[in-house]
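Q: Dock chain B against chain A, hints included.
Protein sequence lines correspond, in order, to chains A and B.
Here our numbering = 1-based position in the first sequence + 46.
Here our numbering = 1-based position in the second sequence + 81.
If you're looking for bench data, these hints aren't it; they were derived computationally from the structure.
This one's a predicted model, so the numbers in the text were calculated from it and none came from an experiment.
Cβ atoms here follow ideal geometry from the backbone N, Cα and C, with glycine treated the same way.
There could be a bad hint or two in this list.
Once the Cα atoms are required to be at most 20 Å apart in a straight line, the calculated EDC-like pairs of lysine to aspartate or glutamate come out as [said to hold, decoys possible]:
#: 1; chain 1: A; residue 1: LYS144; chain 2: B; residue 2: ASP181
#: 2; chain 1: A; residue 1: LYS553; chain 2: A; residue 2: ASP119
#: 3; chain 1: A; residue 1: LYS445; chain 2: A; residue 2: ASP489
#: 4; chain 1: A; residue 1: LYS396; chain 2: B; residue 2: ASP181
#: 5; chain 1: A; residue 1: LYS298; chain 2: A; residue 2: GLU219
#: 6; chain 1: A; residue 1: LYS111; chain 2: A; residue 2: ASP149
#: 7; chain 1: A; residue 1: LYS49; chain 2: B; residue 2: ASP96
#: 8; chain 1: A; residue 1: LYS281; chain 2: A; residue 2: ASP242
#: 9; chain 1: A; residue 1: LYS284; chain 2: A; residue 2: GLU233
To give a feel for the contact side, a few chain A residues facing chain B, derived at Cβ under 8 Å [unchecked claim]:
#: 10; residue: TRP50
#: 11; residue: GLU136
#: 12; residue: PRO139
#: 13; residue: LEU141
#: 14; residue: LEU142
#: 15; residue: GLY379
#: 16; residue: PHE381
#: 17; residue: ILE382
#: 18; residue: PHE384
#: 19; residue: THR386
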Amino acid sequence: MTKWIRWSGLIGFIVIATLIVCFWLFAAGPLTKLAIESFGSDALGAKVDVDEVRYGLNPLTVTVKGVQLTDKDKPMENIFSFDQAVANIEPFPLLLGKAIIPDVRLEGMATGTQRQSSGALAKVEKKNDVSADSQDQTSEKSKSETAEPKSQTLPSADEILEREALLTESRGEALKQAYENHTQNIETAMNNLPTDQSIKEYEARLNTIMKGKFKSLDDFKQRKKALDDLKAQWKKDKQAIADAKSAVKTGKSDLKQKLTELKAAPKEDIANIKSKYTLDGAGASNVTALLFGDDAGGYATTALEYYEKVRPLLVDEEAKAAKQELKEKRLEGRFIHFPTDRPQPDFWVKTMNFTLALPKMGEQTVSSGDVAVKVVDITHQQEVINRPTVVRATGQNLKDIASLTIDGVLDHRQTPGKDQFTFNVDDWQLKKVKLGLAGLRLDRGLVDIQGQALVQSGQLKLNSEAVFNQSQFSSKDRTVLAKEMVAALKTIPTFTVNAKAKGELTKPSVNISSDLDAQLSAAFDERLAQKQRELENKLKAKLNDKLMSYAGDYESQLKQLNLSEGSLSSKSKALEKLGKSELSSYEDQLKAEAKAKQDAEKAKAKAEADRKQKELEKKAKEKLKSLF
Amino acid sequence: MLAMLAKLLKVLNSDASPAQIALGFAFALFVGLTPFFSLHNLIILFLVCIIRVNLSGFFLASAVFALIAFITDPFSIQLGEFLLQHAELQAFWTELYQSDMWRAFKFNHTLLLGSVVLACILFIPVWILFTVLIKLYRTKLMAWFEKLKIVKFLKASKFYQAYERLGA
Chain A
47 MTKWIRWSGL IGFIVIATLI VCFWLFAAGP LTKLAIESFG SDALGAKVDV
97 DEVRYGLNPL TVTVKGVQLT DKDKPMENIF SFDQAVANIE PFPLLLGKAI
147 IPDVRLEGMA TGTQRQSSGA LAKVEKKNDV SADSQDQTSE KSKSETAEPK
197 SQTLPSADEI LEREALLTES RGEALKQAYE NHTQNIETAM NNLPTDQSIK
247 EYEARLNTIM KGKFKSLDDF KQRKKALDDL KAQWKKDKQA IADAKSAVKT
297 GKSDLKQKLT ELKAAPKEDI ANIKSKYTLD GAGASNVTAL LFGDDAGGYA
347 TTALEYYEKV RPLLVDEEAK AAKQELKEKR LEGRFIHFPT DRPQPDFWVK
397 TMNFTLALPK MGEQTVSSGD VAVKVVDITH QQEVINRPTV VRATGQNLKD
447 IASLTIDGVL DHRQTPGKDQ FTFNVDDWQL KKVKLGLAGL RLDRGLVDIQ
497 GQALVQSGQL KLNSEAVFNQ SQFSSKDRTV LAKEMVAALK TIPTFTVNAK
547 AKGELTKPSV NISSDLDAQL SAAFDERLAQ KQRELENKLK AKLNDKLMSY
597 AGDYESQLKQ LNLSEGSLSS KSKALEKLGK SELSSYEDQL KAEAKAKQDA
647 EKAKAKAEAD RKQKELEKKA KEKLKSLF
Chain B
82 MLAMLAKLLK VLNSDASPAQ IALGFAFALF VGLTPFFSLH NLIILFLVCI
132 IRVNLSGFFL ASAVFALIAF ITDPFSIQLG EFLLQHAELQ AFWTELYQSD
182 MWRAFKFNHT LLLGSVVLAC ILFIPVWILF TVLIKLYRTK LMAWFEKLKI
232 VKFLKASKFY QAYERLGA
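Isolated chain B (complex conformation):
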């Protein structure tokens, strides 16, 4: 937990662009909220590799969203059930179902579809929100924040120093 907090501080205080950090957070929605061993996550990993997003932010947020998934899973399942059972969408799903490639994405799984749709819905808002928040943090809060005793304590901690030495 302490290491994660140190990582977060490191990321927020780095020179990385707020948009790139926030984009990492947004991509992490997919990895965190949806079942990990799915074909779409391979695409997300590919995108994260080739797009200049902040990798630390991505992995950190993936871990956080994976925890949040325990809360959102029931909702995701309901959403998936609703979409897959929706009468007007039957023709669409049936058409996708005829393709082996689409089925390889497990789109007809309630949790997977629900969580992917949830991640898609939240992708842009999370990107924008975190871009704004990081900018706000850096302009308004960073100086004040670094003066806090807890932050000083964290920076003085072995974790943070080790983290610094590794150059993460």
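So that you can see chain A by itself, here it is in the shape it has in the complex:
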């Protein structure tokens, strides 16, 4: 038997295996660091930085230090970062290239920290080079404005005007274009008109033709021909005048109509914008901000912002997993999974725990306690473990809130994925919360909030109810609205506000209702209306500016066209009169001459007849004398 054993081979194998293990121990850390940075950056679309990765053998653990995940939209900020994460790893699945991590604990976790260098990926940086350069030159204020997603704040008049396709603009452009076209047409027609000089020349030529008597038939014919030519020229000029009149009339009518439309456009724009931005404009955060100030709206926007950053990771991976499955089936065989209570996706964090500081309402730098977050089953292959990712956030040591819980279930086992959240806030002591309008302030109040949100196929469906107890309001303003609001609110210590949101995640349609009495509802409506009126006035002013930029000159141009039309009419009449009067005197002359000639011939014939009659009478008298 020993003949078949090669002891040198056994020793060689052990030596090689030991070398490989040693190499792995030294190389695994840097390799894992590279893998996290590479795959993390690809998945996030922005740089993921890791300071160090270290492995421990007994038990198999990995310690990751100094992790920074860049905010894709703000390359100089991190979405979140942590000082250290310690994770246990299951060894056997690691042989299959599967990272199964039973437990991860994050320390020093923070959100929105500043980065030392830009975290934009090389490709993205290249694409945005020009804009980045120009951004550098702008002020800090404009930087923060551009970095902030538009959906996070109530849109300003400028933003709305920039965002919306305005009738004022389109009609202004149409008027401008029409004016240019008509001006060209009218100028062409005007160039063909007879001038005052040419009309005087017609008069002179006519006088020449009509002056003196016809010396002969040829003279008559010659003058007649000249007169015919002159008449043809008149006819042509008359047509030119008619054309010019028509061009002016058409232009005037068209421009008048377009100007009227343009004048009506701002009103229509306002109506359109109002219907769009009344209460269903830029999302839940806007409405929250409108009612309870930017501080409260901030929580909603932050939650939406983070959700939107996490969601693509799950959605993208669904597609990647499907593609990978298909590829394996075609070319390299495939894995067949069996029922098990020990599933193994490629990456799976069974439990992750971390703590976040909850900023105090209205004071982002002051903490009002901690939120302990536990995330269970983090994986991009939920279909393998057949469990959704579950998030539970619980308030700890909260100063102003009795209890805070947020439960989330991100279920992407089937397409489309379904993400559900429920949140519950008990006895939230609100103090000195600015309400954003009329100097109104919630001095104190206890709020219980309950809500559910569902996101499926990018569509949000949210229902929430906030019960306000022991509320006390005040206002520094002395306006009627402020006084009425405070007066009305004093009588109602308890009320409920229901908020519903439905539609696209980025711009859902929001509906808010309350059980406040009619007086408060009226005050509320008035408050909202005032907010809208402020916006409306700004919009009107800006739209009027736009209107003036388009319509200012055209009004006077239109008047000028009216004058031109009048001048053309008088010119046409003058020419017609001139032609007609000269023509009739020429005919009269011809007739008079013919009559004179006829009279002369008649007189001559009569004289001859008289002479013959006298001669006959004389002859007859002489014959009678001879008879007697």
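A: Frame of chain A, contents of chain B only:
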């Protein structure tokens, strides 16, 4: 190709036992026909190291079987699919699947299971067949074979001489 042929001649004409050479060929079935980066191949390498098999024959045959795998892969996948989907074997696979160690062997991969089963089926026949063939070659064909011009040419080639010098 020429080097491989020279290697083969060297192995066949060496003093190594035909059974050891054939066993090297048989072990090469696993490395050649199955996906290389698998846990079972670590065991095969371990066995090849400690069992006195002909290493040259093993590596040479591994390369040859890796080429043959291009033809056998579709069949291996079908075989793996058949076995993993077979109703009567479901309980067995499910039981194995509960163990992290077995899953580390990727037994639930169609190509891997099919090719390992194929290699297992062919292991004994290949060992016996090549033992017999090598014995036959050495007793009946080796003398005649070495007289062939092509063999002489090969032996005179630079590859073979270099190979000889390295003592492979």
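Q: For every hint, state whether the structure bears it out.
A: Do the hints match the structure? See the list:
no., hint, in the structure
1, A:LYS144 with B:ASP181, "holds (11 Å)"
2, A:LYS553 with A:ASP119, "holds (18 Å)"
3, A:LYS445 with A:ASP489, "holds (17 Å)"
4, A:LYS396 with B:ASP181, "holds (16 Å)"
5, A:LYS298 with A:GLU219, "holds (17 Å)"
6, A:LYS111 with A:ASP149, "holds (16 Å)"
7, A:LYS49 with B:ASP96, "holds (15 Å)"
8, A:LYS281 with A:ASP242, "holds (16 Å)"
9, A:LYS284 with A:GLU233, "holds (17 Å)"
10, TRP50, "holds (5 Å)"
11, GLU136, "holds (7 Å)"
12, PRO139, "holds (6 Å)"
13, LEU141, "holds (4 Å)"
14, LEU142, "holds (6 Å)"
15, GLY379, "holds (3 Å)"
16, PHE381, "holds (5 Å)"
17, ILE382, "holds (5 Å)"
18, PHE384, "holds (4 Å)"
19, THR386, "holds (5 Å)"
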